[in-house]
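Visitor: Residues per chain, in single letters:
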Amino acid sequence: MPDKPSITVCDATLRDGSHAYSHQITMEQVRTYATAAEAAGFSFLEVGHGNGLGASSLQVGESLVPEGEMLRAAKACLHRTKLSVHVIPGFATIQRDIAGALEAGVELFRVGCHCTEGDITQRHLGHVRAAGREAWGVLMMSHMVSKEVLLEEAKKMQSYGAQGVVLMDSAGAYFPSDVTQKIGLLADRLEVPVGFHAHNNLGLSIANSLAALEAGARIIDGTAKGFGAGAGNAPLELLAAVLRQRGYAVNLDLYKALDAADVAGKLFAGSLPDPSGITIVSGLAGVFSGFAKPVQRASAQLGVDPRDVFFELGRRKVVGGQEDIILQVASELARQTPSKTIQPPAS
Amino acid sequence: MSPPRKLPVAILGTGNIGTDLLLKVLRSPILECRLFAGRNLSSPGMTKASLLSVPVSAKGIDSIRALQGQVELVFDATSAEDHLKHAPLFEKMGVVAVDLTPAKVGRMCVPAVNLADCLDQSNVNMITCGGQASIPLAWAVAQANTGVEYIETVSSIASRSAGPATRINLDEYLLTTETGLQTFAGCPRTKAILNLNPAQPCIHMQTTVMAKIKNPDLARTREKVDAMVAVIRKYVPGYQLTLPPMLEGGRLVIMVRVDGLGDHLPRYAGNLDIINCAAIAFAEARAYGR
Numbered sequence: 005m006p007d008k009p010s011i012t013v014c015d016a017t018l019r020d021g022s023h024a025y026s027h028q029i030t031m032e033q034v035r036t037y038a039t040a041a042e043a044a045g046f047s048f049l050e051v052g053h054g055n056g057l058g059a060s061s062l063q064v065g066e067s068l069v070p071e072g073e074m075l076r077a078a079k080a081c082l083h084r085t086k087l088s089v090h091v092i093p094g095f096a097t098i099q100r101d102i103a104g105a106l107e108a109g110v111e112l113f114r115v116g117c118h119c120t121e122g123d124i125t126q127r128h129l130g131h132v133r134a135a136g137r138e139a140w141g142v143l144m145m146s147h148m149v150s151k152e153v154l155l156e157e158a159k160k161m162q163s164y165g166a167q168g169v170v171l172m173d174s175a176g177a178y179f180p181s182d183v184t185q186k187i188g189l190l191a192d193r194l195e196v197p198v199g200f201h202a203h204n205n206l207g208l209s210i211a212n213s214l215a216a217l218e219a220g221a222r223i224i225d226g227t228a229k230g231f232g233a234g235a236g237n238a239p240l241e242l243l244a245a246v247l248r249q250r251g252y253a254v255n256l257d258l259y260k261a262l263d264a265a266d267v268a269g270k271l272f273a274g275s276l277p278d279p280s281g282i283t284i285v286s287g288l289a290g291v292f293s294g295f296a297k298p299v300q301r302a303s304a305q306l307g308v309d310p311r312d313v314f315f316e317l318g319r320r321k322v323v324g325g326q327e328d329i330i331l332q333v334a335s336e337l338a339r340q341t342p343s344k345t346i347q348p349p350a351s
Numbered sequence: 059m060s061p062p063r064k065l066p067v068a069i070l071g072t073g074n075i076g077t078d079l080l081l082k083v084l085r086s087p088i089l090e091c092r093l094f095a096g097r098n099l100s101s102p103g104m105t106k107a108s109l110l111s112v113p114v115s116a117k118g119i120d121s122i123r124a125l126q127g128q129v130e131l132v133f134d135a136t137s138a139e140d141h142l143k144h145a146p147l148f149e150k151m152g153v154v155a156v157d158l159t160p161a162k163v164g165r166m167c168v169p170a171v172n173l174a175d176c177l178d179q180s181n182v183n184m185i186t187c188g189g190q191a192s193i194p195l196a197w198a199v200a201q202a203n204t205g206v207e208y209i210e211t212v213s214s215i216a217s218r219s220a221g222p223a224t225r226i227n228l229d230e231y232l233l234t235t236e237t238g239l240q241t242f243a244g245c246p247r248t249k250a251i252l253n254l255n256p257a258q259p260c261i262h263m264q265t266t267v268m269a270k271i272k273n274p275d276l277a278r279t280r281e282k283v284d285a286m287v288a289v290i291r292k293y294v295p296g297y298q299l300t301l302p303p304m305l306e307g308g309r310l311v312i313m314v315r316v317d318g319l320g321d322h323l324p325r326y327a328g329n330l331d332i333i334n335c336a337a338i339a340f341a342e343a344r345a346y347g348r
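In the order they appear, the protein sequences are chains A and B. When we follow my numbering, the leftmost residue of the first sequence carries the number 5, and every step to the right adds one. When we follow my numbering, the leftmost residue of the second sequence carries the number 59, and every step to the right adds one.
Watch out, some of these pointers could steer you wrong.
[Claimed, not checked] Computed cross-link-like contacts, SDA-like style, restricted to lysine to any residue with a CA-CA straight-line distance of at most 25 Å:
| # | chain 1 | residue 1 | chain 2 | residue 2 |
| --- | --- | --- | --- | --- |
| 1 | B | Lys-64 | B | Asp-321 |
| 2 | B | Lys-106 | B | Pro-66 |
| 3 | A | Lys-160 | B | Pro-146 |
| 4 | A | Lys-321 | B | Gln-258 |
| 5 | B | Lys-282 | A | Glu-336 |
| 6 | A | Lys-160 | B | Asp-321 |
| 7 | A | Lys-8 | A | Gly-251 |
| 8 | A | Lys-159 | B | Pro-256 |
| 9 | B | Lys-272 | A | Ile-210 |
| 10 | A | Lys-86 | A | Glu-73 |
| 11 | A | Lys-297 | A | Ile-210 |
What the hints contain is simulated information worked out from the structure, not anything from laboratory work.
My request is simple: use the sequences and hints to build the entire structure.
Guide: So, in structure tokens, the structure goes:
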């Protein structure tokens, strides 16, 4: 078998999983899972609110535990595995949020933005690099634009100091051929390693992750048992198996990676991904996976079909962070669709 | 009786904000633009001003200083960093400064809430576009309820309406908006969020205010918010309530949409419009109050 490249595996369980847990992850869950991730030997463990630093809010959901405490607790459990956070400018500021994370010992900052807005990451990437820590760029909702646009935005991030660029399929809307084209172009044209972050709305998270690796990705994201927003992410235990079977070099302990999944299975029982009509429609509509819970909540209160809400959100091309529009769309649909009980009898 | 003498003003900064302001000043019955000053005579804003026969200069702040005694008010649409340098110079010249950057040198002004308190000030700060849209609602919420524990605002704007200065200054935007919410609503815990959305056709500015309130009085909140929206619409005609106050998931939610007047950028750029309409409302009140 020819030598295959070494792959950086990022464990986003305690960050993307936050969406699936209404941001109520406890300190005990952080410690227990971080210990399991360390044993498995994942390269990075990402911790925090689903939308990253400073995102605990009425808009997206308030975190149970203050992020500083969460990060310090995780850090105390990690030695080989490095601690990472997600950062979205527009939510997080350098002064209020990045400064605290630097103090908590975060080693990698993954600075993300909607896939067309690379220039808003300039200052945050620059600040992290100037502080001597590792910084990557993340292009979210990357199914929405062409590979050429993604390359242009990724190049900007690279010029701001990003030491890696990750494409997120935030809506779980990619097909393997999309991954091959987009990751292939970036891997070919960037000087820094390229990564892929899958969601499983259409059941393609592992297929898409494998397509990314074959197209030249050197960074791959996953979560234990797929614990993440909407239909969840690429399950790390399956990624570990696939990487091994395809001969990629990784510093993983397979059994311990499988054990970490069992740990997550127990810790987050009842909130693990459960593909449903709603998450499937979410993927078809190309809407941010993290919207699943707020869409269900608003639809139930206003008596509308959550699938209609997702299709309408997709039509309006909402981006991550626009959770408030859910309530507006649901209210408008509720006004347009008079309840059957109040319809006048046919004459 | 002859109409009152127009107040002679100058605009410093020829980007999106400055150019849109120029068009609004030209339409004002009481303001007169004596100079449109920036650094680059070939910028789109300068070209537009020249076509409209407005005096222009590429000598920036120096050209404003040369007009000592000839202008009484200057709109500063440069950057927070630059306004910190300009503010003492305007003070020395004895002109009123209307600051459209997040520099926060002078008193924060939201015309619908505190116009009268600002009229004697020599420097007023117009906060941010999201601040102009959200602070009056937050103020109305605070008037209608006791026990307001936390206020948050989220604005989404079209990517095309966010110029390079906005993009590089997102942190300042958030901080200044949060400070404005704290000051006006008297609420120590506040948060601001900004989203840029590249959708085509461009999305119109959308602002949501959310609050955590111990015992919310929804009827009274609706009354206060309706009254406030009516006041804002007098100087920002495109300001519309799209989701009247409602309770959902333990939070109070209010949403507005801001259509611009379509002066410099098309009507989707309500963010540009609302901060400039606020600046004009202040300048006109000042002019009529002479």
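Visitor: Tell me the numbers of any earlier hints that the structure contravenes, in ascending order.
Guide: 3, 6, 9
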